[in-house]
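Chains L and C, in that order, are what the protein sequence lines are. Position one of the first sequence corresponds to residue 250 (our numbering), numbered consecutively onward. Position one of the second sequence corresponds to residue 250 (our numbering), numbered consecutively onward.
Since the hints were made in silico from the structure, they are not lab data. Honestly, I wouldn't trust all of these hints.
Because identical chains cannot be distinguished in the list, a pair is counted as satisfied if it fits within a single copy or across any two copies.
[What the hints assert, rightly or not] With a straight-line Cα cutoff of 27 Å, these simulated DSS-like cross-link-like pairs (lysine-lysine) come out:
1. LYS347 x LYS583
2. LYS579 x LYS347
3. LYS524 x LYS512
4. LYS690 x LYS329
5. LYS329 x LYS669
6. LYS493 x LYS466
7. LYS583 x LYS464
Computed from a predicted model, the values in this text were never measured in an experiment.
Protein chains: 2
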Amino acid sequence: MSQFKYLELEHLLRKDIRANHFLPSGKLPSVRELCQNLGFSKATVLHALHRLEAEGLIFSKPKSGYFVKTVTPNDRLSPKRINPPAAPRDVTVPAILKDIMTRSAAFDILPTAGATNDANHLITLNRHLSKALRSRPTQKALYYNDSSGDMRLKDAIVTHYRHRSLNQDPSQVCITGGCQHALFISLMATCSPGDTVAVESPAFYGVLQIMEQLKLKIIEVAADPEEGLSVDDLAEKITEWPIKACIVSPNYATPTGAFMPEKARRALINLAVEKDFCIIEDDIYGDLAFPPFTAEPLKKFDPNGQVILCGSFSKSLSRDLRIGWVFGGKWHDKITQLKLVTQLSSSESIQQGLATFLEEGHYRRYLAQQVNTLKQQQRELMMLLDIHWSDNIRYTHAQGGISMWIELDESINTQRSYNKVLEQGVIMTPGSLFSASGQYKNFLRLSYIHPLTEQRQAAVKKLFSVLLG
Amino acid sequence: MSQFKYLELEHLLRKDIRANHFLPSGKLPSVRELCQNLGFSKATVLHALHRLEAEGLIFSKPKSGYFVKTVTPNDRLSPKRINPPAAPRDVTVPAILKDIMTRSAAFDILPTAGATNDANHLITLNRHLSKALRSRPTQKALYYNDSSGDMRLKDAIVTHYRHRSLNQDPSQVCITGGCQHALFISLMATCSPGDTVAVESPAFYGVLQIMEQLKLKIIEVAADPEEGLSVDDLAEKITEWPIKACIVSPNYATPTGAFMPEKARRALINLAVEKDFCIIEDDIYGDLAFPPFTAEPLKKFDPNGQVILCGSFSKSLSRDLRIGWVFGGKWHDKITQLKLVTQLSSSESIQQGLATFLEEGHYRRYLAQQVNTLKQQQRELMMLLDIHWSDNIRYTHAQGGISMWIELDESINTQRSYNKVLEQGVIMTPGSLFSASGQYKNFLRLSYIHPLTEQRQAAVKKLFSVLLG
Chain L
250 MSQFKYLELE
260 HLLRKDIRAN
270 HFLPSGKLPS
280 VRELCQNLGF
290 SKATVLHALH
300 RLEAEGLIFS
310 KPKSGYFVKT
320 VTPNDRLSPK
330 RINPPAAPRD
340 VTVPAILKDI
350 MTRSAAFDIL
360 PTAGATNDAN
370 HLITLNRHLS
380 KALRSRPTQK
390 ALYYNDSSGD
400 MRLKDAIVTH
410 YRHRSLNQDP
420 SQVCITGGCQ
430 HALFISLMAT
440 CSPGDTVAVE
450 SPAFYGVLQI
460 MEQLKLKIIE
470 VAADPEEGLS
480 VDDLAEKITE
490 WPIKACIVSP
500 NYATPTGAFM
510 PEKARRALIN
520 LAVEKDFCII
530 EDDIYGDLAF
540 PPFTAEPLKK
550 FDPNGQVILC
560 GSFSKSLSRD
570 LRIGWVFGGK
580 WHDKITQLKL
590 VTQLSSSESI
600 QQGLATFLEE
610 GHYRRYLAQQ
620 VNTLKQQQRE
630 LMMLLDIHWS
640 DNIRYTHAQG
650 GISMWIELDE
660 SINTQRSYNK
670 VLEQGVIMTP
680 GSLFSASGQY
690 KNFLRLSYIH
700 PLTEQRQAAV
710 KKLFSVLLG
Chain C
250 MSQFKYLELE
260 HLLRKDIRAN
270 HFLPSGKLPS
280 VRELCQNLGF
290 SKATVLHALH
300 RLEAEGLIFS
310 KPKSGYFVKT
320 VTPNDRLSPK
330 RINPPAAPRD
340 VTVPAILKDI
350 MTRSAAFDIL
360 PTAGATNDAN
370 HLITLNRHLS
380 KALRSRPTQK
390 ALYYNDSSGD
400 MRLKDAIVTH
410 YRHRSLNQDP
420 SQVCITGGCQ
430 HALFISLMAT
440 CSPGDTVAVE
450 SPAFYGVLQI
460 MEQLKLKIIE
470 VAADPEEGLS
480 VDDLAEKITE
490 WPIKACIVSP
500 NYATPTGAFM
510 PEKARRALIN
520 LAVEKDFCII
530 EDDIYGDLAF
540 PPFTAEPLKK
550 FDPNGQVILC
560 GSFSKSLSRD
570 LRIGWVFGGK
580 WHDKITQLKL
590 VTQLSSSESI
600 QQGLATFLEE
610 GHYRRYLAQQ
620 VNTLKQQQRE
630 LMMLLDIHWS
640 DNIRYTHAQG
650 GISMWIELDE
660 SINTQRSYNK
670 VLEQGVIMTP
680 GSLFSASGQY
690 KNFLRLSYIH
700 PLTEQRQAAV
710 KKLFSVLLG
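Full structure from sequences and hints, please.
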């Protein structure tokens with residue numbers, strides 16, 4: 250019986266207990282059900298239950314099974330939703346945060362890569378890229394690829410999205426140099442300097458930097474750490490302050506990992522149509538839904554091209570490719586023009602090699618395995634947190650993606666501890682990065698994209714020992 | 250005796266005669282000198298001289314040699330310099346020109362690539378790229394490369410520039426996604442919407458498109474087709490209308506191939522320091538100086554970081570790499586920030602493979618051969634033009650680069666003939682592309698970057714038969 254196994258089950262049960270999952274009766278599933286449904290051995294299940302009983306969290310009734318002892322409806326595990334200031338403001342990202350952002354882009358708490366996962370898919374990918382480099386090299390050296398991208402790659406991306414219930418025409422796709430580039434040209438296409446853009450709070454810091462450079466004003470909109478953007482808050486704010494665009498990550502947003510319910514998605518699109526603003530959907534985590542889920546893009550519900558979808562392979566396959574895409578909706582022509590103006594074209598060889606990789610099904614096969622790895626790494630991280638700091642932190646439990654949003658006691662300022670943590674060789678991503686108005690001082694983001702090696706476990710411990718004092 | 254040989258000599262002599270090169274005496278070099286200095290056979294030299302004599306351009310004096318018969322100081326071979334309008338204006342690029350620009354980016358008059366030059370250097374390059382892809386793939390997949398670029402590549406680029414008398418520190422280089430990207434972030438770093446930028450006329454159309462998107466105003470500055478930007482015209486204009494930046498290609502600018510004399514370069518930099526504007530140097534053709542020349546960048550004379558140099562491998566090595574660079578001077582930090590905001594980072598594998606290619610001397614070896622190829626292709630194109638249309642056109646004779654600027658009779662409108670030429674399967678680059686104020690209607694750009702195959706010769710003939718009626 251591995252230590253991880255019973256700790257994992259203990260974690261799952263504790264989480265369900267706190268979330269009042271077993272109400273109204275308070276009865277836990279039977280030992281046999283736990284074995285069968287979750288795939289644990291009987292010994293593991295009994296060990297976990299005995300530990301929770303010893304802790305006083307559950308009790309057993311003879312011939313009836315286990316019941317929740319203390320029902321604590323207010324003991325919510327998730328971090329708080331914060332209401333950001335209402336009025337539009339300029340975005341000014343302090344230089345110190347820009348440094349921190351750059352280091353945080355790898356989502357790793359270690360400054361240099363430790364052990365990493367299996368790389369068979371990358372060997373296959375690189376074989377296809379090399380093959381593409383060898384094909385018609387002179388032609389590629391002397392002629393630019395179509396600015397909007399390679400037709401085969403566009404086809405392959407569109408085909409991939411069909412598995413997520415989105416039907417688009419390849420002629421409506423523009424290939425970019427990654428998702429940041431996609432977001433940049435989408436904001437340039439839809440807004441002019443001085444315009445106001447709504448952004449969920451907490452927000453992806455890359456978007457804040459784009460807005461600063463494009464001289465756009467921001468309205469931060471409240472977002473639930475588990476369910477994402479509050480459409481009610483958005484609707485209320487834009488009555489007073491009209492917006493040109495709203496940037497949203499409905500699927501497993503960074504930093505929270507939130508997933509927007511379908512009802513909220515439909516409400517958001519209706520609002521965009523009614524008030525005539527553009528929705529820019531950041532779908533970079535959309536492929537990373539944990540089984541059995543599949544995450545449909547918001548754009549699926551888009552009636553008339555009001556949604557611009559931006560995506561990339563950087564989080565789901567490789568950051569080395571520098572390939573992203575935009576489904577530009579109404580703004581497709583303008584976006585293609587901006588692709589040309591900002592970068593002329595993308596590498597034909599890279600696009601062709603990647604297209605073959607997609608066409609042959611390697612990407613889908615890799616994803617199917619990768620989401621299980623991520624889910625497992627998420628569980629391990631949650632367990633580590635539960636074992637050591639369950640009384641001191643609240644965190645999000647996402648159903649996909651790579652991000653966990655952690656709330657600490659209000660007396661703790663994560664950004665202020667940044668350098669002290671860095672001296673320990675640990676890279677923290679403080680919550681203040683994700684706000685344009687100084688929120689989230691007692692928050693931080695952790696990621697489970699990297700395996701929780703002993704070295705990383707030690708780093709997490711160092712991190713919290715500095716933060717919690 | 251090949252036909253090309255005597256036609257080539259005939260062309261050279263005719264050009265020198267028209268340029269009054271043999272004044273004051275009017276005496277041509279002796280037959281022996283022509284043989285020795287230019288490497289032609291005696292038969293070729295005599296044949297060419299006899300043809301020029303028959304044409305009435307030269308005459309022989311017994312025991313003295315050949316002399317110029319008609320000295321025509323006004324019969325200048327080069328196209329006219331045009332004085333663009335003075336006041337700053339918004340840039341609006343018509344949609345039809347955007348289509349034409351996209352097709353013209355390959356510099357080829359054929360829509361699909363015909364025969365191309367030797368590709369050994371590309372095989373070597375691609376071998377290095379593939380090797381880099383195989384090195385530490387997981388690391389590269391999971392971690393972003395430093396936003397400002399790979400240190401080895403920056404070192405290699407700086408080392409390369411030393412051969413052109415420019416000494417820069419690698420820490421002052423930012424790697425970009427090509428020269429267009431470099432120009433884009435340089436303009437973003439130095440200007441705000443509504444600011445005025447000086448651009449030489451004729452101008453690179455990619456810059457006009459950037460300025461349109463960034464909502465910058467343009468002052469077009471007169472430029473000589475052979476000697477580039479007129480610093481006098483610039484100095485006069487900015488007295489009345491202050492500028493934030495001036496974009497200039499001192500080395501073999503497209504479309505003219507002009508090369509700025511050193512005196513003008515120094516005057517330009519003095520003016521920039523005095524009037525406090527930024528010079529953005531587009532150095533994309535700087536490596537393509539024809540022997541025995543080497544082209545020093547303008548930035549060599551830069552006293553205090555007033556010049557931003559933008560370059561790329563797209564014209565000199567491969568358009569498939571999508572790698573360019575900026576030496577940002579005073580604006581380096583801001584430019585690096587904008588690289589991050591617009592594209593996050595560049596592919597580490599591509600940068601590393603390219604760095605090895607440079608370090609091992611392959612790029613310099615290839616360039617040494619390529620400039621001779623370009624020079625030869627330029628000669629062939631000039632001969633073709635001289636044989637068929639010497640009375641109807643004026644063109645530039647650049648000492649490097651890939652562009653020739655051609656002036657036709659004022660009654661001819663090249664843009665209006667664009668579709669008629671296209672129907673013949675020929676892609677023309679009309680002069681109007683290179684102006685923001687409707688100039689150069691009777692101009693066009695031709696390139697000699699591609700071998701002048703029979704197919705391309707036929708295309709040039711079709712082009713002028715449509716244009717000249």
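Right, here's what the structure says about each hint:
1. Within a single copy, LYS347 and LYS583 get their C-alpha atoms only as close as 29 Å, which misses the 27 Å cut-off; across copies the closest is 12 Å, which meets it.
2. Only between protomers do LYS579 and LYS347 lie at most 27 Å apart by alpha-carbon distance; the minimum there is 19 Å, versus 33 Å within a single protomer.
3. When the C-alpha separation of LYS524 and LYS512 is checked against a cutoff of 27 Å, the pair qualifies only within one copy, where the shortest distance is 18 Å, while the shortest distance between copies is 59 Å.
4. Taking the shortest Cα distances, LYS690 and LYS329 sit within 27 Å of each other inside one copy (12 Å), while across copies they are farther apart (65 Å).
5. Taking the closest pair of Cα atoms, LYS329 and LYS669 come within 27 Å of each other only inside a single copy of the chain (26 Å); across copies the shortest separation is 67 Å, beyond that limit.
6. For the identical chains of this complex, LYS493 and LYS466 are neighbours both inside a copy (10 Å) and across copies (25 Å), given an alpha-carbon limit of 27 Å.
7. In the homo-oligomer, the alpha carbons of LYS583 and LYS464 lie at most 27 Å apart both inside one protomer (19 Å) and across protomers (15 Å), since each shortest distance falls under that limit.
Violated hints are absent here; each numbered hint is respected by the structure.
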